[in-house]
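Trainee: Sequence:
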Amino acid sequence: MKIARYQSVGGGERLGIATRVSGRELLINVAKAGACANFSVPTTMMGLIEGGDSEMDATRELLSWASLRQDSMWMDDPSSVNWLTPVPKRSMFCAGRNFGRHKMESMNSDTAIASQLHSNFPTGFIKLGRTLVPHMSQVKRPADVINFDYEVEIALVLGKDINANSDIDPASAIFGYTIFNDLSAREWQLSEMQNGMIMLGKNFPDFGPIGPYILTADEVPDPTELVLWLKVNGELRQHSDCRDLIFSFPELVAFWSRFGLTVGDLISTGTPEGVALHHKPDPNEWYLKPGDCVEAGVDGIGVLKTFIV
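In this text, residue positions in the sequence shown follow the UniProt record's numbering: the first is 1, and each later residue adds one.
Hints were generated in silico from the structure; no laboratory data involved.
Keep in mind that a hint or two might mislead.
Claimed, not checked - Once the Cα atoms are required to be at most 20 Å apart in a straight line, the calculated EDC-like pairs of lysine to aspartate or glutamate come out as: (1) Lys32 x Asp76; (2) Lys32 x Glu61; (3) Lys231 x Glu295.
Could you build the full structure based on these sequences and the hints that come with them?
Mentor: Put into C-alpha coordinates, the structure is as follows:
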(Lines of atoms letter the chains of each structure in order from A; the text may use other names.)
(Lines give C-alpha, C1' and ligand atoms only; values in the text may rest on other atoms or scores of the structure.)
Protein backbone atom coordinates (compact mmCIF):
# COMPACT_ATOMS: atom_id res chain seq x y z
CA MET A 1 0.00 0.00 0.00
CA LYS A 2 0.97 3.58 -0.60
CA ILE A 3 -0.30 5.60 2.35
CA ALA A 4 -0.27 9.23 3.43
CA ARG A 5 -0.93 11.43 6.42
CA TYR A 6 -2.71 14.70 5.70
CA GLN A 7 -5.45 17.15 6.60
CA SER A 8 -8.57 17.41 4.48
CA VAL A 9 -11.36 19.98 4.55
CA GLY A 10 -12.46 20.40 8.16
CA GLY A 11 -9.00 19.77 9.61
CA GLY A 12 -7.76 16.93 11.75
CA GLU A 13 -5.33 14.18 10.82
CA ARG A 14 -6.39 11.84 8.04
CA LEU A 15 -4.95 8.52 6.93
CA GLY A 16 -5.17 8.06 3.18
CA ILE A 17 -4.47 5.17 0.83
CA ALA A 18 -3.44 6.01 -2.71
CA THR A 19 -5.58 4.48 -5.45
CA ARG A 20 -6.10 5.14 -9.13
CA VAL A 21 -9.48 6.08 -10.55
CA SER A 22 -9.73 6.55 -14.33
CA GLY A 23 -5.95 6.99 -14.50
CA ARG A 24 -5.94 9.61 -11.76
CA GLU A 25 -4.38 9.17 -8.33
CA LEU A 26 -6.74 9.83 -5.42
CA LEU A 27 -6.67 9.22 -1.67
CA ILE A 28 -9.10 6.88 0.01
CA ASN A 29 -10.01 8.63 3.25
CA VAL A 30 -9.73 5.63 5.58
CA ALA A 31 -11.97 7.05 8.30
CA LYS A 32 -14.81 7.83 5.88
CA ALA A 33 -14.52 4.60 3.90
CA GLY A 34 -14.24 2.52 7.06
CA ALA A 35 -17.38 4.09 8.48
CA CYS A 36 -19.33 3.45 5.28
CA ALA A 37 -18.15 -0.16 5.11
CA ASN A 38 -18.53 -0.70 8.85
CA PHE A 39 -14.89 -1.84 8.96
CA SER A 40 -12.86 -1.55 12.14
CA VAL A 41 -9.62 -0.01 10.88
CA PRO A 42 -7.01 2.42 12.26
CA THR A 43 -7.61 6.00 11.17
CA THR A 44 -4.16 7.44 11.96
CA MET A 45 -0.74 6.58 10.59
CA MET A 46 0.70 5.65 13.98
CA GLY A 47 -2.38 3.57 14.75
CA LEU A 48 -1.74 1.61 11.58
CA ILE A 49 1.99 1.17 12.20
CA GLU A 50 1.63 0.27 15.87
CA GLY A 51 -1.28 -2.09 15.14
CA GLY A 52 0.93 -4.61 13.41
CA ASP A 53 -0.21 -7.33 11.02
CA SER A 54 -3.84 -7.42 12.10
CA GLU A 55 -4.39 -3.72 11.40
CA MET A 56 -2.50 -3.96 8.11
CA ASP A 57 -4.69 -6.87 7.01
CA ALA A 58 -7.86 -4.95 7.91
CA THR A 59 -6.65 -1.88 6.01
CA ARG A 60 -5.79 -3.94 2.94
CA GLU A 61 -9.29 -5.43 3.06
CA LEU A 62 -10.75 -1.93 3.19
CA LEU A 63 -8.58 -0.90 0.23
CA SER A 64 -9.95 -3.79 -1.84
CA TRP A 65 -13.54 -2.94 -0.87
CA ALA A 66 -13.20 0.81 -1.52
CA SER A 67 -11.26 0.41 -4.77
CA LEU A 68 -14.06 -1.66 -6.27
CA ARG A 69 -16.71 0.92 -5.39
CA GLN A 70 -14.72 4.13 -6.07
CA ASP A 71 -17.22 6.35 -4.28
CA SER A 72 -16.30 10.04 -4.35
CA MET A 73 -17.78 10.31 -0.85
CA TRP A 74 -14.62 8.86 0.66
CA MET A 75 -12.07 10.09 -1.89
CA ASP A 76 -9.79 13.10 -1.37
CA ASP A 77 -7.90 14.88 -4.15
CA PRO A 78 -4.14 15.00 -3.39
CA SER A 79 -3.96 18.46 -4.99
CA SER A 80 -6.41 19.93 -2.47
CA VAL A 81 -5.25 18.46 0.86
CA ASN A 82 -2.80 19.91 3.37
CA TRP A 83 0.02 17.42 3.61
CA LEU A 84 1.52 16.34 6.92
CA THR A 85 4.85 14.61 7.50
CA PRO A 86 4.34 10.85 6.96
CA VAL A 87 4.74 10.19 10.69
CA PRO A 88 4.60 12.72 13.55
CA LYS A 89 7.84 14.67 13.76
CA ARG A 90 10.71 12.84 15.43
CA SER A 91 14.48 12.72 15.13
CA MET A 92 16.03 10.93 12.17
CA PHE A 93 19.21 8.92 11.99
CA CYS A 94 20.91 9.90 8.73
CA ALA A 95 23.64 7.97 6.97
CA GLY A 96 26.43 9.93 5.31
CA ARG A 97 28.31 9.12 2.09
CA ASN A 98 26.53 5.77 1.85
CA PHE A 99 26.26 5.61 -1.96
CA GLY A 100 29.45 4.39 -3.63
CA ARG A 101 29.61 7.01 -6.37
CA HIS A 102 28.84 9.82 -3.92
CA LYS A 103 31.67 8.58 -1.71
CA MET A 104 33.96 8.67 -4.75
CA GLU A 105 32.95 12.23 -5.69
CA SER A 106 33.71 13.20 -2.07
CA MET A 107 37.13 11.57 -2.26
CA ASN A 108 37.85 13.41 -5.51
CA SER A 109 36.87 16.72 -3.94
CA ASP A 110 39.27 19.23 -2.45
CA THR A 111 36.84 20.01 0.37
CA ALA A 112 37.53 19.22 4.01
CA ILE A 113 35.37 16.10 4.00
CA ALA A 114 37.60 14.21 1.57
CA SER A 115 39.88 12.89 4.31
CA GLN A 116 37.05 11.90 6.66
CA LEU A 117 35.46 8.88 4.99
CA HIS A 118 34.16 5.85 6.85
CA SER A 119 35.13 2.31 6.06
CA ASN A 120 33.89 -0.41 8.40
CA PHE A 121 30.67 1.09 9.80
CA PRO A 122 28.20 3.80 8.75
CA THR A 123 28.87 7.44 9.41
CA GLY A 124 26.07 9.88 9.95
CA PHE A 125 24.28 12.48 12.04
CA ILE A 126 20.94 13.23 13.64
CA LYS A 127 18.30 15.32 11.88
CA LEU A 128 16.14 16.98 14.52
CA GLY A 129 12.43 16.27 14.30
CA ARG A 130 11.66 19.99 14.37
CA THR A 131 13.30 20.36 10.93
CA LEU A 132 10.87 17.97 9.21
CA VAL A 133 8.31 19.54 6.88
CA PRO A 134 5.80 17.94 4.51
CA HIS A 135 5.33 17.80 0.76
CA MET A 136 4.65 21.19 -0.90
CA SER A 137 6.37 23.18 1.85
CA GLN A 138 8.07 26.51 1.36
CA VAL A 139 11.57 26.46 2.86
CA LYS A 140 13.36 29.72 3.54
CA ARG A 141 17.05 29.90 2.76
CA PRO A 142 18.65 31.28 5.95
CA ALA A 143 20.09 34.77 5.66
CA ASP A 144 23.61 33.56 6.46
CA VAL A 145 23.54 30.60 4.04
CA ILE A 146 24.58 30.83 0.39
CA ASN A 147 25.83 27.28 -0.23
CA PHE A 148 22.36 25.76 0.11
CA ASP A 149 22.38 22.17 -1.14
CA TYR A 150 19.91 19.38 -1.89
CA GLU A 151 20.21 15.62 -1.20
CA VAL A 152 17.55 13.17 -2.32
CA GLU A 153 17.37 10.15 -0.02
CA ILE A 154 15.11 7.26 0.92
CA ALA A 155 13.96 7.19 4.52
CA LEU A 156 12.78 3.96 6.06
CA VAL A 157 10.06 3.96 8.71
CA LEU A 158 10.41 1.55 11.62
CA GLY A 159 7.47 -0.72 12.36
CA LYS A 160 8.95 -2.47 15.40
CA ASP A 161 10.97 -1.52 18.44
CA ILE A 162 14.52 -2.81 18.08
CA ASN A 163 17.74 -2.46 20.03
CA ALA A 164 21.17 -4.05 19.95
CA ASN A 165 19.93 -7.02 22.00
CA SER A 166 16.74 -7.67 20.02
CA ASP A 167 16.37 -11.18 18.64
CA ILE A 168 14.64 -10.07 15.44
CA ASP A 169 15.74 -9.69 11.84
CA PRO A 170 16.47 -5.97 11.24
CA ALA A 171 14.77 -6.20 7.83
CA SER A 172 11.53 -7.27 9.53
CA ALA A 173 11.56 -4.05 11.58
CA ILE A 174 11.06 -1.93 8.44
CA PHE A 175 7.45 -0.83 8.01
CA GLY A 176 7.96 1.08 4.78
CA TYR A 177 9.85 3.65 2.72
CA THR A 178 9.37 7.35 2.04
CA ILE A 179 11.23 10.21 0.30
CA PHE A 180 13.55 12.62 2.09
CA ASN A 181 15.43 15.73 0.94
CA ASP A 182 18.32 16.36 3.32
CA LEU A 183 18.79 20.11 2.81
CA SER A 184 22.24 21.28 3.85
CA ALA A 185 24.05 24.54 4.58
CA ARG A 186 27.43 23.53 3.22
CA GLU A 187 29.51 26.45 4.55
CA TRP A 188 28.29 25.63 8.07
CA GLN A 189 28.63 21.88 7.58
CA LEU A 190 32.21 22.04 6.32
CA SER A 191 33.26 24.35 9.16
CA GLU A 192 31.66 22.03 11.70
CA MET A 193 33.38 19.00 10.20
CA GLN A 194 36.71 20.64 10.96
CA ASN A 195 35.64 20.20 14.58
CA GLY A 196 34.60 16.57 13.99
CA MET A 197 30.85 17.12 14.10
CA ILE A 198 27.74 17.84 12.00
CA MET A 199 24.80 19.62 13.59
CA LEU A 200 23.84 23.15 12.56
CA GLY A 201 24.63 22.63 8.87
CA LYS A 202 21.88 20.02 8.68
CA ASN A 203 19.38 21.41 11.19
CA PHE A 204 18.27 24.91 10.28
CA PRO A 205 14.46 25.29 10.46
CA ASP A 206 12.59 23.31 7.78
CA PHE A 207 15.74 21.61 6.44
CA GLY A 208 13.98 18.22 6.33
CA PRO A 209 11.30 17.91 3.61
CA ILE A 210 9.82 14.41 3.78
CA GLY A 211 6.93 12.50 2.20
CA PRO A 212 4.38 12.58 0.74
CA TYR A 213 3.76 8.82 0.85
CA ILE A 214 4.99 5.74 2.68
CA LEU A 215 5.24 2.65 0.49
CA THR A 216 4.81 -0.36 2.77
CA ALA A 217 7.66 -2.86 2.86
CA ASP A 218 5.55 -5.74 1.51
CA GLU A 219 5.43 -3.83 -1.79
CA VAL A 220 9.25 -3.70 -1.99
CA PRO A 221 10.62 -7.26 -2.18
CA ASP A 222 14.07 -5.98 -3.18
CA PRO A 223 14.81 -2.44 -1.91
CA THR A 224 18.09 -2.35 -3.84
CA GLU A 225 15.95 -1.87 -6.95
CA LEU A 226 14.48 1.40 -5.68
CA VAL A 227 15.40 4.27 -8.02
CA LEU A 228 15.76 7.80 -6.66
CA TRP A 229 16.29 11.11 -8.44
CA LEU A 230 16.16 14.86 -7.92
CA LYS A 231 15.36 17.80 -10.18
CA VAL A 232 15.79 21.54 -9.65
CA ASN A 233 13.47 23.64 -11.82
CA GLY A 234 12.96 20.58 -14.01
CA GLU A 235 16.69 19.92 -14.51
CA LEU A 236 17.86 16.45 -13.44
CA ARG A 237 20.63 16.73 -10.82
CA GLN A 238 20.72 13.27 -9.19
CA HIS A 239 19.76 9.78 -10.37
CA SER A 240 20.69 6.39 -8.93
CA ASP A 241 19.35 3.11 -7.64
CA CYS A 242 20.01 1.46 -4.31
CA ARG A 243 22.38 -1.14 -5.74
CA ASP A 244 24.99 1.58 -5.16
CA LEU A 245 24.40 1.58 -1.38
CA ILE A 246 27.43 0.72 0.74
CA PHE A 247 25.42 -0.22 3.84
CA SER A 248 22.02 -1.76 3.13
CA PHE A 249 18.72 -0.88 4.78
CA PRO A 250 18.91 -3.81 7.26
CA GLU A 251 22.55 -2.97 8.06
CA LEU A 252 21.57 0.62 8.84
CA VAL A 253 18.76 -0.59 11.10
CA ALA A 254 21.11 -2.98 12.89
CA PHE A 255 23.76 -0.30 13.39
CA TRP A 256 21.45 2.50 14.59
CA SER A 257 19.53 0.05 16.80
CA ARG A 258 22.24 0.70 19.36
CA PHE A 259 20.28 3.86 20.15
CA GLY A 260 17.20 1.78 20.90
CA LEU A 261 14.85 2.43 17.98
CA THR A 262 11.08 2.67 18.42
CA VAL A 263 8.06 2.35 16.16
CA GLY A 264 7.85 5.28 13.76
CA ASP A 265 11.53 6.20 13.95
CA LEU A 266 13.18 7.23 10.69
CA ILE A 267 16.50 6.22 9.13
CA SER A 268 17.76 7.70 5.86
CA THR A 269 20.08 6.14 3.31
CA GLY A 270 22.38 9.01 2.50
CA THR A 271 22.36 10.56 -0.97
CA PRO A 272 23.72 9.53 -4.39
CA GLU A 273 26.18 11.53 -6.45
CA GLY A 274 25.25 14.86 -8.01
CA VAL A 275 25.03 17.27 -5.08
CA ALA A 276 25.93 20.89 -5.80
CA LEU A 277 28.90 20.79 -3.40
CA HIS A 278 30.90 18.50 -5.70
CA HIS A 279 29.85 19.99 -9.01
CA LYS A 280 32.83 21.16 -11.07
CA PRO A 281 34.21 23.54 -12.02
CA ASP A 282 31.97 25.89 -10.01
CA PRO A 283 29.31 24.66 -7.57
CA ASN A 284 27.94 28.13 -6.87
CA GLU A 285 25.55 28.16 -9.80
CA TRP A 286 24.15 24.81 -8.63
CA TYR A 287 23.26 25.79 -5.07
CA LEU A 288 19.60 26.38 -4.28
CA LYS A 289 18.27 29.92 -4.49
CA PRO A 290 14.96 31.61 -3.66
CA GLY A 291 12.47 30.84 -6.42
CA ASP A 292 13.76 27.30 -7.03
CA CYS A 293 11.40 24.33 -7.13
CA VAL A 294 12.97 21.05 -5.98
CA GLU A 295 11.42 17.70 -6.87
CA ALA A 296 12.81 14.64 -5.10
CA GLY A 297 11.43 11.37 -6.42
CA VAL A 298 11.55 7.64 -5.80
CA ASP A 299 9.99 5.50 -8.51
CA GLY A 300 6.98 3.69 -7.12
CA ILE A 301 6.63 6.02 -4.13
CA GLY A 302 6.05 9.45 -5.63
CA VAL A 303 7.48 12.95 -5.81
CA LEU A 304 8.32 15.23 -2.88
CA LYS A 305 8.07 18.87 -3.96
CA THR A 306 9.68 21.78 -2.08
CA PHE A 307 9.77 25.50 -2.87
CA ILE A 308 12.78 27.60 -1.87
CA VAL A 309 11.95 31.14 -0.74
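Trainee: Now tell me if each hint is right for this structure.
Mentor: Evaluation of the provided hints:
Pair hint Lys32 plus Asp76 holds up; C-alpha atoms about 10 Å apart against a cutoff of 20 Å. The suggested pairing of Lys32 with Glu61 holds, with an alpha-carbon distance near 15 Å, which does not exceed 20 Å. As the CA atoms of Lys231 and Glu295 are separated by approximately 5 Å, the hinted pair is consistent with the 20 Å bound.
In the structure shown, no violation is registered for any of the earlier numbered hints.
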